[in-house]
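Undergrad: Sequence:
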Amino acid sequence: MAHPVSRRTFARLLGAGAAAVAAPAMPALAQAQTSAPGSMPSGEKFPEGFLWGSATASYQVEGAVKEDGRGTTIWDTFAHTPGKTHDGDTGDVADDDYHRYKEDIGVMKELGLKSCRFSVAWSRIFPSGTGTPNPKGLDHYHRFVDALLEAGIAPYCTLYHWDLPQALEDKGGWQSKDTSKAYADYAGYTAGKLSDKVKNFMTMNEIRSFTELGYGNGRHAPGLQIGKKGLAQVNHNAVLGHGLGVKAIRAQAKAGTLVGLADNATVTCPVIANAEHIEAARHAYREENAMYLNVIMTGKYTDAYLKMLGADAPQTTPDELQTIASPLDFVGLNVYQPTWVMADKSKETGYSVVPKPSSYPHMFSDWLDIGPEALYWSPKLAHELYGIKTLYITENGASSDDKLTADGQILDTDRTMYLRNYIRNLQKAVAEGVPVKGYFLWSLLDNYEWADGYQKRFGITYVDFETQKRTPKLSSRFYKSVIEANAV
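Heads up: the sequence shown begins at 81 in the working numbering, then just goes up one per residue.
Fair warning: there could be bad hints in the mix.
[Unchecked claim] Here are the simulated lysine to aspartate or glutamate pairs, EDC-like style, with alpha carbons at most 20 angstroms apart:
#: 1; residue 1: K261; residue 2: E400
#: 2; residue 1: K189; residue 2: D176
#: 3; residue 1: K327; residue 2: D409
#: 4; residue 1: K469; residue 2: E128
#: 5; residue 1: K308; residue 2: D392
Just so you know, the hints here were simulated from the structure itself, not pulled from any lab data.
Predicted model only: the values in this text are computed from it and were never measured.
Required output: the full structure, derived from the provided sequences and hints.
TA: In structure tokens, the structure reads:
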């Protein structure tokens, strides 16, 4: 989970204007959808077998940063650097899930969850990023997965959720293709060891977030601002790492293992749902995600993206692009907020991103603008543009200024309404034939929210970080009712 960043934001990080870039010709596309999203009657059920789950990430929940041979990560270093996080908060303890995972699986079981998306900490498996594997780290994840399976909960494993081993960052981190190769070695090894129990693996979570926030504006670990050319290369090295990881998993994991990724694609929503603006939104979805999902699905950077970069385009080869586009079994989409788009013939791109006024509604995190239609348009456009046959919503959720009432309740009506309206839009997409097979709510627990520390709470379970007591919120009751009914 992170602050989403769009291609337009990326252009600002690079010091270039994406809006002035000529757009390539678009192929013929599917018939435009002209009905307004969100019109599905409440109560219509999701398909039988739809997978309801929750999501967490290693550094955000585990704690135990010095136990069982775990190596130091870039987030350990960054969080312990004064001024980098809210109140100097660190993930040293977080939710203490490393020790309390059985309790947290009990929370999942009480909700009726059928799946759990979690991430493996790279530095627990290879403390220095490469070299000799650490059996104690791997043993922890075996115990965790065994407990999930015993509870009847299917494990979905993310192999990289931003916690790069510090030893690799000291050698250049994602600025170096050596990190791409080291990642593949780690991913293949770990999937090979877990695939007798875990069927579904995601290579990486939100590539744009850990590259642009970590190396572009420096707000996240490792806290660098490396400039236009450097950032373009980092983005390429990261998607290359994804592709190499796919190949390594297929080579080393048990037959039948499924591989995908979790991507926070910029969600380009038509500001008016007619054919003209929907076509603009389709075009924008491809261009705004040119250096991430689009290159992963097509094996090439768009002409518009390369023109924007000019001489600062990344160093790449045809073989690397082919690797980046290694076939996937599924694609996960992390969906939080909309980017409103309109057709604009005055722009070479053929579209404009509509700015949001200061009065635009958002959740407690000021970046998290509310737009339930995002959970309709993102899977719909991804399916139409790339022919993806299996999609998951790998994250969706909201921060709230949660407060305990006098009788110990957390009545997070804003999060509850957010979830109701977003999931209803997902219902509409699924009813129209978009092949979304499951939904992972972010998040099961309040946790360490990166540079925001413990100030911003995304969980449907309240965590008292002094006592580690878990308390279900109103939104937890709502989500449980959705799971029980298989409908909103």
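Undergrad: Indicate, hint by hint, whether the structure satisfies it.
TA: Structure-based check of each hint:
About 12 angstroms separates the Cα atoms of K261 and E400, which keeps this hinted pair within 20 angstroms; it holds. Taking the CA atoms of K189 and D176, the gap is near 19 angstroms; set against the 20 angstroms cutoff, the hint holds. For the suggested pair K327 and D409, the alpha carbons sit about 12 angstroms apart, so the restraint of at most 20 angstroms is met. At most 20 angstroms may separate the alpha-carbon atoms for a hinted pair to count; K469 and E128 meet this at roughly 17 angstroms.
Pair hint K308 plus D392 holds up; C-alpha atoms about 7 angstroms apart against a cutoff of 20 angstroms.
Hint compliance for this structure: no hint is broken.
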